[in-house]
Structures are given as C-alpha cells and as structure tokens.
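From first to last, the protein sequence lines are chains F and S.
Using the working numbering, the first residue of the first sequence is number 1, and each one after it goes up by one.
Using the working numbering, the first residue of the second sequence is number 1, and each one after it goes up by one.
None of these hints come from the bench; they were simulated from the model.
Just so it is clear, CB atoms sit at the ideal spot from N, CA and C, and this is done for glycine as well.
Please note that a few of the clues may not be correct.
[Unchecked claim] Among the chain S residues that face chain F by a calculated CB cut under 10 Å, a handful are: (1) Y18; (2) Q50; (3) S58; (4) L60.
[Stated by the list, open to error] Far from chain F, some chain S residues (derived; all Cβ distances over 12 Å): (5) Q6; (6) T13; (7) R22; (8) Y33.
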Amino acid sequence: AQRVTQPEKLLSVFKGAPVELKCNYSYSGSPELFWYVQYSRQRLQLLLRHISRESIKGFTADLNKGETSFHLKKPFAQEEDSAMYYCALSGGTGANNLFFGTGTRLTVIP
Amino acid sequence: GAGVSQTPSNKVTEKGKYVELRCDPISGHTALYWYRQSLGQGPEFLIYFQGTGAADDSGLPNDRFFAVRPEGSVSTLKIQRTERGDSAVYLCASSTWTGSAQYFGPGTRLTVL
C-alpha cells in the first residue's frame, strides 16, 4: 500500500536560513512525487514534481529511491514561503489520483 | 482562463440531510478528481472521472456518497443522509489528461450539525 509520511507538523526557521521539509514514501512500484503548497487563504497549488527537475521559487526536491525520500529544500528562506506544504505521490505515468501526506506548516520568522 | 471553481464555498446542513457539491473544472480538462480533507489531514482521494465516466471510485467511503459528470465537464458530488463525520473540506481538481498536473479548486467546507 502507498503511504506518504511528513514527520513534522510544524517547522519554524528564520528568514535567510536554510529550510528542509521532509517527506518519506512507501510504494511498491515507480511512483511520481509532488510537492503542493497552500498559502494563507489560497487554494492548493502544485509547487514542483520530481520528473520536471525544476527549481520553483528557489525550492528543489530530489527523489532518493534508496531512502524513499523526496525532501523539499531551499537555501535561504523568505517570509513569503510561510505556508502549508504537502508531499504527494501518484502511481506513475497514467495514474489517476494523488496520495497526500498530512502536511507541514512552515513559518519563516522575520 | 478561469481556474477550477466550486460551489458553494460553505455548506451547513443537519444530520440526515442530502447535499450536493458542484465543481466546474478548467475548460478542456478531461480528467476530474474529488478529494476530501479533514482537519489536520492531507487531502484524501474519493473519485476520479475521465470524461463522463467514473474511472475509479475506490475512495468513496460508502454508498451514501455518489458523484456524476453527465456531460464531461461539471461534476456534482452527492451525499445522502449526511453524518457529522462527513464534515470536511471537499476539494475538486482537474487535469488535461490522466497523470498530468492537477489544478485544485478552492474547496467546499461542509459542516454537518
């Protein structure tokens, strides 16, 4: 069965400090991994997906199949990064739904 | 263009009543998904449509929940005999095709008293 684990419900960092939001997953096949973000009073939106290998708003995430992890990182946190972050998994190409973790609320302290 | 829209934004009902929640996907998106998000949890998959047909309804919790998408665009999630445990935010998402990036609506907050 698939499972996404985000061990930290809350994470606070100072502005300019590095930030890492942890995500571990369990899946028997070759999953696709995503990070979604929800800013205050806004809808859930896609931040990045591992197949794109992009850096969005300074965030990156690398899929580590050996450790079954997909941690989200940013070298210098900004106040506007404060939001709820969800890691999600789908069963790969053609899969039809997402499995989400419970989310991590990031607060960047000025 | 407009994003995914959902109506109503808030719905308060009494235990045992019937409710309908509506989703308008992004124009041209063939895939449509319903999720439910309870307090403190991530979204949980309910049902997925490809066109007019429900391709995967494995996430529906029981037979009180039903969803339709008769013309392959707008979808309605229907909940019969609501229970207090049905209280949650119901999210709709759409994508251009199965497996592509999903775009979420603002959600409908359902409260069952």
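How the hints compare with the structure:
no. : hint : result
1   : Y18  : 26 Å, violated
2   : Q50  : 8 Å, holds
3   : S58  : 9 Å, holds
4   : L60  : 12 Å, violated
5   : Q6   : 9 Å, violated
6   : T13  : 23 Å, holds
7   : R22  : 16 Å, holds
8   : Y33  : 6 Å, violated
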